[in-house]
Amino acid sequence: MSAADLQGAREEVPAVDSGVDLGVALGALRLENPIATASGCFASGREMDRFVDVGSIGAVVVKSLTRLPRKGLPTPRMVETPSGMLNAIGLQNPGIDAWLEDDLPWLVEHGATTVVSVAGDTVEDFVHVVRRLRGIAGIAAIEVNLSCPNVEHRGLVFALDPEASAELVRAVARVADVPVLAKLSADASDVVAVAAAAVKAGADGLTLINTILGMAIDPVSGRAELANTYGGLSGPAIRPVAVRVVHQVHAALPDVPIVGCGGVRSVEDVVQFLRAGASAVAVGTGGFVDPFATETLRDGLAAWLSAHGFSSVRDIIGDVRTGHDA
Amino acid sequence: MKRGTVSGRTDRDGPIRVVAEVVTRRRTGPYTTLVIATQELAARSSPGHFVEVAVEAPGTLLRRPLSIARADAAASGVGIVELVIGPDGPGSAWLAEVQTGSHLDVIGPLGKPFPLPQRPARCLLVGGGYGAAPLHYLAEVLVPLGHRVDLIVGASSESTLLHSIEAKRVAHSLQTTTEDGSAGMRGRVTDAIPDVVARHGSDVIYACGPNAMLAAVSVLGGQLGVPVRVSLEERMACGLGVCFTCAIPVRDRDGEVQMRRSCIDGPVMDGSRVDWRLMGLGHVVDAMGGGADDPDPTEAGADPTDRAVVA
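Residue numbers (my numbering), protein chains in the order written: chain A, 325 to 650; chain B, 4 to 314.
Chain B on its own, in the form it takes in the complex (with noise of 0.2 Å):
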C-alpha cells in the first residue's frame, strides 16, 4: 500500500482502507490525540463510527480498533480524522509514538453511529476516561441541528480526565467528576447525571466508557426514564463483522438473548436492551439499584432517537 492510498470498493458507501498521514500529535494528560489527513473517510464518518488501525508494535499483529473522536471532511481543505490513543496496551503504545508525517493504515468507518435525534432533544452526552473522546464529535453535531447538549465527564483523577476546550465551547453545559475530586464534583458520572436530568429535562442519554460505567447509566436511565444509547467495549479481532469475538448479549423484542456483534450491530446500542449480567456486571447493576430484569426496556414514544415512532 503506497501513501495516501485508498483502496477498497470507493463507488459505495460503507468502510474503505486509506494510508493517511499523520499532520498533528498532541499529547493530552496520558491521552495521545492523532488527526490524519483522508477526506475520504472523513466524508463517510457520524459519531459513534469506529476504525481499524494497523500497529506494527512488535509480536502484535491485530489491528486496534478506535473511535473516530472527530471527523471534518473540509478541514485545511484536505479533510481529517482525529483519533485518540488510550495509555494502555503495546498497540497503544506504538500509536502513541507514531510522529507528524508518518502514515497509518486505517480501515474505517466501522459500525452503527448514534442515532441522532429525530424532533428537537435535550441531549445528555456521558463520557467517562477517554471514551469521552467521541462525545466531542457528536455534539459537534448535534448543536448546529438546533439539540441541547449538557455534558458530563468523568474520570478517576484530574489526570485521566479528557479535557477538551472544543466540547466546552459547543456543549450547553459542561460537569465533570472526579473519583478522588482532583477536578470538578467528586464521584462518578452517575452521581452528576440526576441533577442534569432534573434540571435540563434530558430526553436521551448517549454514553461512551467503560463497560461497567455504560452499565450503571443504563440502569440510571431506566431508574429516570430516560433512554439510553451506549457505545460498547469489547475485545476486537477483527472489527470488520468476520470474527465474532466482539459479541454482546442484547435481548430482542421478544425477550430473548442474542449475541449481537458489536463491530456490526454496534458499538452503538440501546443501553436498555443490553444483559449486563450475562456480561460479567451483575454488580454494577446491583449496587445502582437495579431489578434482576433491569433495565427495563424503554416505552415505546419515549426515545427521541426511534425513527419508528416518527414515521
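Next comes chain A alone, as it looks inside the complex (with noise of 0.2 Å):
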C-alpha cells in the first residue's frame, strides 16, 4: 500500500445527513450520537478544539479528575508496542477546583455533553470530588475510574475486587446527582462478577475497558521502557479483549447501557462494538493518531448503517449472532 492511500484505504462514505438516527441511550443519558471520547485522551477538551467542534462529539469524558491537583509520573510516560501503547501519566490533573472555575465553563460554552471522570486514592477522595459535582449546570455523567489503587487497602486497585468496587460505586452514586458510569479492567479475573457487583451498588452504566496492565522492556539496555516500570496497553491490540468483555457482560447484564472502549479506528471498529452490547462507543488512542476521528466515525457510522439498511443505530446494538445461531 503506497503513502497516498493513508487512512483513505476504507470504502469512501457519502457525507453525512443519511437520514439514520444516530441517537442513543444510556439510561437516562441521552446522546445525540454513539461517538464519545475516552477518558484521558482529550484532555479538558479545549486542545481538540483546533481540531473538531467539541459540541458535536456524542459526549466527552474529560481527563480523570481528582480531589488534588496531580504532578503525575517522571518520563518516560509511554512505550509504543505493537498496534497499541503502553502509558503511565500518573492521572496528571488540574483537581477538580481549577477544574470547575477554568475548563468547565469552556465545555458548556461550546456545547459539549460532558461526562466527569472521577479518580482517587480512597473512597473518601471519589466521594470527595463528587460531593463538588452536585448542582452544578452542564454535567451530563459521571464516570468512576476504577483503575486506580485503593491505599487503603494495600493498593489493591478497585477494579479488581468485586466487593471493593461495589463498596466505592455505591458510595459515588449514593452522592452523585447524574448518571454514574462505573469503568471497568478486563485485569479482573471475573469482569462479569465486577460488572455484576457495580451495577447492583447503583451504576447506571458500565464503561469496558480501560488500558490493560502490562510492561515492555529496552531488550539492549535492560532497563524498563516506562519510568513506573507498568503502565496500561491501549490502541487496536486490546479491542478483541475489549470487544470480548462488552459481549460478555451484555449478556450477563442485557438491560444495563455499555460504552465500548478499546482500540477503536474505523467505522468497521464501532460497529464491532455496538453488534457486541454497547450502546456508545469511545475513541481513545484512536484520537492521537486522527484528532478528526469523533466527526469521521460518526458521520461513517451514520453512512455505513445506511448502507446496510439499517435506519436506527440502535438496531444493531447486541445483535451479535454467536455459534450455531445463524
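Worth flagging that the hints you see were computed from the coordinates, not collected in a lab. Treat the hints with care, as some may be off.
20 Å max Cα-Cα, derived SDA-like pairs, lysine to any residue [unchecked claim]:
| # | chain 1 | residue 1 | chain 2 | residue 2 |
| --- | --- | --- | --- | --- |
| 1 | B | Lys-115 | A | Asp-373 |
| 2 | B | Lys-115 | B | Gln-261 |
| 3 | A | Lys-524 | A | Val-499 |
| 4 | A | Lys-395 | B | Ala-186 |
| 5 | A | Lys-395 | B | Asp-14 |
| 6 | A | Lys-395 | B | Arg-238 |
| 7 | A | Lys-395 | A | Val-475 |
| 8 | A | Lys-524 | A | Ala-576 |
| 9 | B | Lys-115 | A | Glu-371 |
| 10 | A | Lys-395 | B | Gly-258 |
| 11 | A | Lys-395 | B | Leu-281 |
Reference listing, derived: stretches of chain B covered by chain A, where coverage requires no fewer than 3 residues with Cβ under 8 Å from a Cβ of chain A [unchecked claim]:
| # | stretch |
| --- | --- |
| 12 | 208-215 |
| 13 | 231-240 |
| 14 | 245-251 |
| 15 | 272-280 |
Pair ranges (Cβ atoms, derived) [what the hints assert, rightly or not]:
| # | chain 1 | residue 1 | chain 2 | residue 2 | range |
| --- | --- | --- | --- | --- | --- |
| 16 | A | Pro-578 | B | Val-81 | 54 to 64 Å |
| 17 | A | Pro-429 | B | Gly-92 | 33 to 43 Å |
| 18 | A | Asp-514 | B | Gly-92 | 38 to 48 Å |
| 19 | A | Ala-349 | B | Gly-258 | 46 to 56 Å |
| 20 | B | Asp-194 | A | Pro-429 | 30 to 40 Å |
| 21 | B | Gly-258 | A | Gly-419 | 52 to 62 Å |
| 22 | B | Asp-16 | A | Gly-347 | 32 to 42 Å |
| 23 | B | Pro-90 | A | Arg-498 | 56 to 66 Å |
| 24 | B | Arg-12 | A | Pro-393 | 29 to 39 Å |
| 25 | B | Ala-46 | A | Glu-476 | 20 to 30 Å |
| 26 | B | Arg-30 | A | Pro-578 | 55 to 65 Å |
These figures come from a predicted structure and were not determined experimentally. For glycine and all other residues, C-beta sits at the position ideal for the given N, C-alpha and C.
Bring the two chains, given one by one in their own frames, into a single complex with the hints.
Next up, the structure:
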C-alpha cells in the first residue's frame, strides 16, 4: 500500500445526512450520537477545539479529576508496542476545583455533553470530588475510574475486586445527582462479577474497558521502557479483549447500558462494539492518530448503517450472532 | 482522505491536516530529507514548529513527530515543507523509504516555535545530530531580519554530521564538531561554545538535539550569562496536547516544578527553567560543573527574545 492510501484505504463514504437515527440512550442520559471520547485521551477538551467541534461529539469524557492537583509520574511515560502503546501518566490533572473554574465553563459554552471522570486514592477522595459536582449545571454524567489503587487496601486496584468496586460505586452513587458510569478493567479475574457488583451498588451504566496492565523492556539497555515500570496498554492491540468483555457483560446484564472502549480506529470497529452490546463507543488512542476521529466515525457510522439497510443505530446494538444461531 | 486534501479548521490559525505529495527525497548520510508540497502548511509554519506524520510500518500505530526543517510558502509556486528523518526505529525506516510522487498524511504546524529576538541580536545556533535540521530554517529566518547568526553543528562522527550547504551560506560563521575528530573540531558542541560566545558576544543561544546535549548547553549558557532556548525531545503519543506523555519538568516563576507538555507548551522552552535532574540528566549537569540549582534562571532584561522586556 502506498502512502497515498493512508487512512483512505477504507471504502469512500458519502457525507452526512443519510437520514439514519444515531441517537442512543445510556439510561437517563440521551446522546445525539454514540461516539464518545475516552477519558485521558481528550484532555480537558479545549486542546481539541483546534480540530473538531466538541459540541458535535456524542459525549466528551474528560481526563480523570482528583481531589487535589496531581503532577503525575516522571518520563518516559509512553512506549509504542505492536498495534498499541503503553502509558503511565499518573493521573496528571489540575484538581477538581481548578477544573470547575477553568475548564467546565469552556465546555459548557461550546455545547459539550460532558462526562466527568473521577479518580482517587480512597473512597472518601472519590466522594469529595463527586460532592463538588453536585448541583453544577453542564455535567451530563460521572464516570468512576475504578482502575485506581486503593491505598486503604494495600494498593489493590478497586476494579480487580467486586466488593471494593461495589463499595466505591455505592458511595459515589449515593452523593451523585447525575447518572454514574463505572469504568472497569479486563485485568479483573472475573469482570462480569465486578460488573454485576457495580450495577447492584448503583451504577447506571458501565464503560468497558480501561487499559490493560503491561510492561516493555529495552532489550539492549535492559531497562524497563516506562519510568513507572508498568503501564496501561491501549490501541487496536486490546480491541478483541474489549469486544469480548462487552459481549460477556451484555449477555449477563442485558439491560445495563455499556460504553465500549478499546482500540477503536474505524467505523467497522465501532460496529463491532455496537453489535457486541455497547450503546455508545469511546475513542481513545485512535484520537491521538486521527484528531478528527469523532467526526469521521460519526458520519461514517451513519453512512455505514444506511448502506447496510439500517435506519437506526439502535437496530444493531447487541445483535451479534454466535455459534450456531445463524 | 484524498490526495491533496486539506482539512481541519482552515479558517483559523493553528494546525491543519494535509495529504501532501512528496516532491523530493534526498539521502544525506544516515538521514533522509523529504520535501512535501503544501502551501497551506508552509504558510503557517515557523522555525521550531513540528508536524505529526502518519506511518504505515507494520504494527505501528502512532504518528511520528518531526521538526519542520524548512518551510517556504512561495517555493516553486506551490509551497514546500522539508522534513528530516533520522535513522532509528521502524517508523523512521518506513518514512525513509517513502518515494517521490507518493503522499504523506501530515498534521501541523504544532507546538510553540523559537521566540525571535525583539531587538537586533547576535544569535548562536547549536545543533546535535539530526537535531540540527530546524536550525538551518531558523538561520534563514533570522538573517534577513538583521540578526547575526553563528552556527555550531556537532555529531559523534562525520558520518552523522548533518551537513547543509544552505546553512553555511546563510550563517555568518559555521563551526562543526565531532566526538571522534573525523570532521571539524574534535569534541562536543559545548567545547566550541565558549570561544564563539567570546568572539561574537552572543546574546542568545538556540539549541536543538538530544536532551543530554540540551542540558549541557543550558548549564553552560547559565555559566556564560547567555539565555538558552532549547527544543526538547520527549516521547510523544499524540503531539496534540491530549495524551500527557511528553511532560517536561519545568520550574515556574516561583521555582516550583510543573509538568509541562512539550507538544503544547514547547517543544521550545527556556533551558534555564527545565529541571534537567528530574529528567534523569543530573550526571550531565554535574559533568558541566553545574550546582544543585543550575542552570540559574536568566536575569531579567538579559534575554533578547523576552517580549516583556521590550514592552
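- Message: Between the stretch 272-280 of chain B and chain A, are there enough contacts, at least three residues with CB-CB distance under 8 Å, for the coverage claim to hold?
- Response: violated (count 0)
- Message: Check the hint pairing Lys-395/A with Leu-281/B against an upper bound of 20 Å on the C-alpha distance.
- Response: holds (13 Å)
- For the stretch 245-251 of chain B, do at least 3 residues have a Cβ located nearer than 8 Å to some Cβ of chain A? holds (count 7)
- Query: Taking the CB of Ala-46/B and the CB of Glu-476/A, does the distance hold inside 20 to 30 Å?
  - Reply: Between Ala-46/B and Glu-476/A, where Cβ atoms are some 56 Å apart, the hint is violated.
- Item | Cβ separation of Asp-514/A and Gly-92/B, checked against the hinted range 38 to 48 Å | Since Asp-514/A and Gly-92/B have Cβ atoms about 39 Å apart, the given range 38 to 48 Å holds.
- Would the pair Lys-395/A and Ala-186/B pass a check requiring their Cα atoms to be no farther apart than 20 Å? Violated: Lys-395/A and Ala-186/B sit about 44 Å apart, past 20 Å.
- Message: For a C-alpha distance cap of 20 Å, please report whether Lys-524/A and Ala-576/A respect it.
- Response: Holds, at roughly 13 Å.
- Item | Holds or violated: Lys-115/B to Gln-261/B, with C-alpha atoms at most 20 Å apart | Holds. Lys-115/B to Gln-261/B sits at ~18 Å (cutoff 20 Å).
- For the pair supplied as a hint, Lys-395/A and Arg-238/B, confirm whether the alpha-carbon distance does not exceed 20 Å. holds (17 Å)
- With 56 to 66 Å as the target window, see if Pro-90/B and Arg-498/A comply at their CB atoms. Holds: the Cβ-Cβ distance is about 58 Å, inside 56 to 66 Å.
- Verify the proposed pairing of Lys-115/B with Asp-373/A, using a straight-line Cα cut of 20 Å. Holds - the C-alpha atoms of Asp-373/A and Lys-115/B are around 17 Å apart, at most 20 Å.
- Message: For the hint 33 to 43 Å, verify it against the beta carbon of Pro-429/A and that of Gly-92/B.
- Response: For Gly-92/B against Pro-429/A, whose Cβ atoms are near 41 Å apart, the range 33 to 43 Å holds.
The structure does not agree with the numbered hints 4, 5, 12, 15, 20, 21, 25 stated previously, though it agrees with the rest.
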